[in-house]
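Modelling step: build the complete structure from the supplied sequences, incorporating the hints.
Heads up: the protein sequence lines correspond to chains B and G, in order.
Read left to right, the first sequence gives residues 10 to 122 (the working numbering).
Read left to right, the second sequence gives residues 14 to 127 (the working numbering).
Simulated from the structure, these hints should not be mistaken for lab results.
Only a predicted model underlies this, so the values are computations on that prediction, with no experimental measurement involved.
Beta carbons: idealized from backbone N, C-alpha and C, even for Gly.
Heads up, some of the hints might be wrong.
Said to hold, decoys possible - Derived lysine-lysine pairs resembling PhoX-like cross-links, with alpha carbons at most 25 angstroms apart:
hint, chain 1, residue 1, chain 2, residue 2
1, G, 114, B, 60
2, B, 71, B, 60
3, G, 81, G, 114
4, G, 114, B, 71
5, G, 69, G, 18
6, B, 36, G, 84
7, G, 51, G, 69
8, G, 81, G, 124
9, G, 124, G, 114
10, G, 114, B, 53
11, G, 81, B, 53
12, B, 80, G, 67
13, B, 36, G, 18
14, G, 18, G, 124
15, G, 81, B, 36
16, G, 114, G, 84
17, G, 67, B, 36
18, G, 124, G, 67
19, B, 53, G, 84
What the hints assert, rightly or not - Examples of chain B residues toward chain G, derived with CB under 8 angstroms:
hint, residue
20, 57
21, 63
22, 65
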Amino acid sequence: NAGVMQNPRHLVRRRGQEARLRCSPMKGHSHVYWYRQLPEEGLKFMVYLQKENIIDESGMPKERFSAEFPKEGPSILRIQQVVRGDSAAYFCASCGTTQETQYFGPGTRLLVL
Amino acid sequence: DQQVKQNSPSLSVQEGRISILNCDYTNSMFDYFLWYKKYPAEGPTFLISISSIKDKNEDGRFTVFLNKSAKHLSLHIVPSQPGDSAVYFCAASERLSGTYKYIFGTGTRLKVLA
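Right, here's the structure in full:
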């Protein structure tokens, strides 16, 4: 029973490039959350998605960031025109229908040069 | 405005003794709480949860206590083992329209000394 999978685990981008982070939820889970962790800080909520729907994106910057969770395939967090301040660890978590407990993936560490 | 606070950034405990990690919150509407353990370069691993209708939940060496009047929860690990050395995060959420949007504390780094 595979857990939450994220890829790539590490991503290096130059300023102005695009970053695409992928998350495959745990089998049977249809709810996906994205969090960002800056160095020495806790995890900050970005966006909550169900299949084909964005439910809550109140934690996501209004510009350059977008997320999707298509009917088929993984959830994607997309960052356009990356800047150095986007360097962080990005974690996704999934949960089942009861939604109380979220299970995290290993994270993608984005470094913007 | 930090709604969930872990005021101790680090804690050292001798192997075999009790580790007590603390967490305070400000929003009285929070009704579900989680504790996670995180090793470097890995994702957080779920440890234990507690609902606001309870004041204690136990799972093996891990016990979480909730004091709603003080808006305080704590995680007790006993006996502590070297493998418990990690960063521990508490998270709190209010159930809104069927969803849980968790607010995380900044973490406490636990070091268990052999």
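Checked hints:
1. At roughly 17 angstroms between alpha-carbon atoms, residue 114 of chain G and residue 60 of chain B fall within 25 angstroms of each other, so this suggested pair holds.
2. For the proposed pair residue 71 of chain B and residue 60 of chain B, the alpha carbon gap of about 21 angstroms is at most 25 angstroms, so the pair holds.
3. A distance of roughly 19 angstroms separates the Cα atoms of residue 81 of chain G and residue 114 of chain G; the hinted pair therefore holds under the 25 angstroms criterion.
4. Note on residue 114 of chain G and residue 71 of chain B: the hinted pairing holds, with a Cα-Cα distance of about 18 angstroms set against a maximum of 25 angstroms.
5. Our distance criterion of 25 angstroms between C-alpha atoms is met by residue 69 of chain G and residue 18 of chain G, whose separation comes to about 20 angstroms.
6. Of the pairs offered as hints, the one joining residue 36 of chain B and residue 84 of chain G is violated, with about 35 angstroms between alpha carbons and a cut-off of 25 angstroms exceeded.
7. At roughly 22 angstroms between alpha-carbon atoms, residue 51 of chain G and residue 69 of chain G fall within 25 angstroms of each other, so this suggested pair holds.
8. Between the alpha carbons of residue 81 of chain G and residue 124 of chain G the distance comes to roughly 28 angstroms, so the proposed pair goes past 25 angstroms and is violated.
9. At most 25 angstroms may separate the alpha-carbon atoms for a hinted pair to count; residue 124 of chain G and residue 114 of chain G exceed this at roughly 29 angstroms.
10. A hinted pair counts as satisfied when its Cα atoms are at most 25 angstroms apart, and residue 114 of chain G with residue 53 of chain B qualifies at roughly 10 angstroms.
11. Under the criterion of a C-alpha separation no larger than 25 angstroms, the hint pairing residue 81 of chain G with residue 53 of chain B is consistent with the structure, at around 24 angstroms.
12. Proximity of residue 80 of chain B to residue 67 of chain G is assessed by CA-CA distance (about 38 angstroms); at most 25 angstroms being required, the pair is judged violated.
13. Of the pairs offered as hints, the one joining residue 36 of chain B and residue 18 of chain G is violated, with about 33 angstroms between alpha carbons and a cut-off of 25 angstroms exceeded.
14. Simply put, residue 18 of chain G and residue 124 of chain G have alpha-carbon atoms about 20 angstroms apart, close enough for the 25 angstroms limit, and the pair holds.
15. A hinted pair counts as satisfied when its Cα atoms are at most 25 angstroms apart, and residue 81 of chain G with residue 36 of chain B does not qualify at roughly 35 angstroms.
16. Taken as a hint, the residue 114 of chain G and residue 84 of chain G pair is honoured in the structure, with Cα atoms around 18 angstroms apart against an allowance of 25 angstroms.
17. Straight-line distance between C-alpha atoms of residue 67 of chain G and residue 36 of chain B comes to about 30 angstroms, which puts the hinted pair past the 25 angstroms bound.
18. A hinted pair counts as satisfied when its Cα atoms are at most 25 angstroms apart, and residue 124 of chain G with residue 67 of chain G does not qualify at roughly 29 angstroms.
19. Simply put, residue 53 of chain B and residue 84 of chain G have alpha-carbon atoms about 21 angstroms apart, close enough for the 25 angstroms limit, and the pair holds.
20. Look at residue 57 of chain B: its Cβ gets to within about 6 angstroms of chain G, closer than 8 angstroms, so that hint holds up.
21. Hint status for residue 63 of chain B: violated, given a least beta-carbon distance of 12 angstroms to chain G, over 8 angstroms.
22. Taking 8 angstroms as the C-beta contact cut-off toward chain G, the hint placing residue 65 of chain B at the interface holds, the least distance being around 6 angstroms.
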